[in-house]
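Based on the hints, put chain B in the right spot on chain A.
Chains as they are written, first to last, in our numbering: chain A, 3 to 388; chain B, 3 to 388.
The set of hints was computed from the structure by calculation and includes no laboratory data.
You may find that some hints are simply not true.
The list treats identical chains as one, so a pair stands whether inside a single copy or across any two.
Unchecked claim - Derived pair list, reagent style SDA-like, types lysine to any residue, alpha-carbon separation capped at 20 Å:
{"hint": "1", "residue 1": "K320", "residue 2": "E268"}
{"hint": "2", "residue 1": "K5", "residue 2": "L21"}
{"hint": "3", "residue 1": "K5", "residue 2": "P17"}
{"hint": "4", "residue 1": "K95", "residue 2": "D128"}
{"hint": "5", "residue 1": "K208", "residue 2": "D80"}
{"hint": "6", "residue 1": "K5", "residue 2": "P18"}
{"hint": "7", "residue 1": "K230", "residue 2": "E104"}
{"hint": "8", "residue 1": "K5", "residue 2": "D260"}
{"hint": "9", "residue 1": "K320", "residue 2": "M387"}
{"hint": "10", "residue 1": "K282", "residue 2": "A369"}
{"hint": "11", "residue 1": "K312", "residue 2": "L21"}
{"hint": "12", "residue 1": "K5", "residue 2": "S384"}
{"hint": "13", "residue 1": "K312", "residue 2": "M387"}
{"hint": "14", "residue 1": "K282", "residue 2": "L263"}
{"hint": "15", "residue 1": "K230", "residue 2": "L8"}
{"hint": "16", "residue 1": "K115", "residue 2": "K231"}
{"hint": "17", "residue 1": "K150", "residue 2": "A33"}
{"hint": "18", "residue 1": "K211", "residue 2": "D56"}
{"hint": "19", "residue 1": "K5", "residue 2": "E19"}
{"hint": "20", "residue 1": "K315", "residue 2": "V386"}
{"hint": "21", "residue 1": "K5", "residue 2": "W324"}
{"hint": "22", "residue 1": "K5", "residue 2": "P15"}
{"hint": "23", "residue 1": "K230", "residue 2": "A99"}
Here the structure is a predicted model, which means the values were calculated and not measured.
2 protein chains.
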Amino acid sequence: MQKRFLITPGPTPVPPEVLSALAEPVVHHRAPRFTEILKQVVAGMKYIYQTENDIMAWAASGTGAMEAAVINVVNPGDHVLVASVGNFGERWKKLTATWGAEVTALDYEWGTKADPADIEKALAADPQITAVFVQHSETSTGVVNDIKAIGEIVARTDAILVVDAISGLGASDLKTDEWKVDVCVAGSQKALMVPPGLAYAAVSDKAWKVIERNTQPRFYFDMVAMRKKMTGDSAQTPYTPAVNLMVAQNAAIELIKDEGLENVFERHRVLGKAAREGVKALGLELFAVEDPEANSVTAVKVPEGVDGTKIGKIARDKYGVWLAGGQGQVKGKIFRFGHCGYFGHSDIVVGLSTMEMVLAELGFDVAWGASVGAAEQVFMNSPVML
Amino acid sequence: MQKRFLITPGPTPVPPEVLSALAEPVVHHRAPRFTEILKQVVAGMKYIYQTENDIMAWAASGTGAMEAAVINVVNPGDHVLVASVGNFGERWKKLTATWGAEVTALDYEWGTKADPADIEKALAADPQITAVFVQHSETSTGVVNDIKAIGEIVARTDAILVVDAISGLGASDLKTDEWKVDVCVAGSQKALMVPPGLAYAAVSDKAWKVIERNTQPRFYFDMVAMRKKMTGDSAQTPYTPAVNLMVAQNAAIELIKDEGLENVFERHRVLGKAAREGVKALGLELFAVEDPEANSVTAVKVPEGVDGTKIGKIARDKYGVWLAGGQGQVKGKIFRFGHCGYFGHSDIVVGLSTMEMVLAELGFDVAWGASVGAAEQVFMNSPVML
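The shape of chain A in the complex, shown without the other chains (with noise of 0.2 Å):
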């Protein structure tokens, strides 16, 4: 018997409001219930993405709502532009090279932003660019883009800014409505406290003209049908959605309303000053660029002398803790702390604490309690409940 901590940037925590949500008796998809659910879920959403833009809900992973926006913004031959920051701007690259387009990439080193004043040059230097795609949290590293210089300059040209903030919806600001974010994909299983099997999109008047012009073969994922189905007094979705998931997210939604977008995304960021905080106490490096609004996730080094490898199997397997490995170029030598949706600081102690213990395990010179006393210097300063 043993607990166990997903202190990961996905799946994350599940409140058990939630978890008592998700076991309530399925509901009919064709019934006037889940009318009333699906309304309910689309109005929290618009409040979590701060939008009055359409809200497209799958079942599918945040994956899907990716594929979802290429399929419906990209044509074979289309310009797009790509400001990649870590792994998920490598999987725009893929995925709008998989349905046709002509791909330019802003590569930024792994652990740094993305620089708007490159988009602007990139998107001067070609003018038939129909689309940027952009991260806001990049999960791979913690590091969360200037989703609103980006917007603003992308917003000046006919191109539509489309992005992936899957890990950081609902934990760091994002005013998709104000920045002018025109497709902005979100998954369930993140700071939205529920697992995973619900993906989003907020569509805006731009983007639908690109849309209803898109000539891409698609099906499960064309907005345009869903849209026309979500809409009006008898909404449903197109195809059978994962009703409970949805029941599940609507009393998410609710506790989200209750604490406050505010105050959650100030908890967030109490609990990644925490974080960061811990990791250099420990004489650990941050792997990326520091940043106040960083509230999703924080990647550290793996110091010299430590096998990174071993990491995330020992915390798993001797003290059921769940962090996250580096993904692509980075494996290996970092890990990663998620603090994105059910998270207080318990789970950053408790992550902290079996990081010390791990380290140490692995020949790593541990100031024992050192990280966990910095993270409650921090918590105890905190202006909102943790």
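Quick look at chain B alone, frame taken from chain A:
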């Protein structure tokens, strides 16, 4: 939104597998299916009690089982001996007096153990004593009495030994048969890992002889009626049992059997040791005599200059962590960590970390992280999963 941690010696956290079982559809208590469940619970409780004695099970809290023990073995005017080392020793005194016993009390300073030699002397001094009442783990102080030694002494007389093992059963070793415990009471909400509402007793042949002669008026708690009804192929309980709690108890028993009783005790030993090392590393004093078998509760003296009545409130309101305060004569003077039942390294770390933050807020000069660091060094060397 705030995660809640019960780091109290009851109620204790309940494993997800047990919560799921609790939510199963209600079984009718006069159906064969319930007979099966009851038999499984009885067999499981015999494993945990390490006994072949009869098992009684009531819908009641632990105090119900204590009263059941008293009204079944004590006649008005009987001489009884109570060895009291804390608040629940006081309860034995109140209960036996309520039911008309002439009570001889051995009162020990809270935080110390009962001395078996005193019990031997008291029994010799008054051969009319029919029963000896004592705690296994005294929940109010964390002390674990030497039941083995006491059992040997009482077994040499005609008196029976009645042990309150409510917070100790399943956390510290207790060999009911080998140690000659005649009536041993327990409650579901401690190391048995079920919410409050079930109370148990294991009753020896020596005790049955006393119980069968007993003249107290009794109905709900009548052990003779319960034994009769709980015997045989169509065993049931005389009155409506707490069906879902029984189903949950069955699930908890499976977890305990899977882990293995010796591993369960060892896990508790490690957690207890880690809690004590953590407390000492912060320069705090343990309230009770230090004991490697004090696996259920760690009591800590409130340091000078700190308002002990505020510790629990700040821990709960600001951090969502329930610690226990002092009871009776030590109210405001101690606070307690519970670690009996579904506890792991994470709970001790969260409890100690919360203690650091709360004491700092109350003016104590905290060596940040020191308690957690000390606990980590105990966890790292654990021979069992935590």
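Results for each hint:
1. K320 with E268: between (33 Å within a copy, 15 Å between copies)
2. K5 with L21: Classified as both; 17 Å inside a copy, 14 Å across copies.
3. K5 with P17: both (15 Å within a copy, 8 Å between copies)
4. K95 with D128: The answer is within: 17 Å in one copy meets 20 Å, while 89 Å across copies does not.
5. K208 with D80: Within one copy, since 17 Å is at most 20 Å while 89 Å is not.
6. K5 with P18: both (15 Å within a copy, 9 Å between copies)
7. K230 with E104: Neither: 30 Å inside a chain and 83 Å across chains, both beyond 20 Å.
8. K5 with D260: Cα proximity of K5 and D260: across copies only (15 Å, versus 28 Å in one copy).
9. K320 with M387: Result: close only across copies, 6 Å inter versus 31 Å intra.
10. K282 with A369: both (11 Å within a copy, 18 Å between copies)
11. K312 with L21: Classified as neither; 32 Å inside a copy, 33 Å across copies.
12. K5 with S384: between (27 Å within a copy, 15 Å between copies)
13. K312 with M387: Result: close only across copies, 18 Å inter versus 34 Å intra.
14. K282 with L263: Neither. Shortest intra-copy (29 Å) and inter-copy (41 Å) distances fail the 20 Å Cα cut-off.
15. K230 with L8: Answer is neither; intra-copy 38 Å and inter-copy 48 Å both fail.
16. K115 with K231: Answer is neither; intra-copy 38 Å and inter-copy 72 Å both fail.
17. K150 with A33: Intra 40 Å, inter 65 Å, cutoff 20 Å: neither.
18. K211 with D56: Answer is within; shortest intra-copy Cα gap is 13 Å, inter-copy 77 Å.
19. K5 with E19: both (19 Å within a copy, 11 Å between copies)
20. K315 with V386: between (34 Å within a copy, 17 Å between copies)
21. K5 with W324: both (11 Å within a copy, 18 Å between copies)
22. K5 with P15: both (12 Å within a copy, 11 Å between copies)
23. K230 with A99: neither (28 Å within a copy, 77 Å between copies)
The earlier numbered hints that this structure contradicts are 7, 11, 14, 15, 16, 17, 23.
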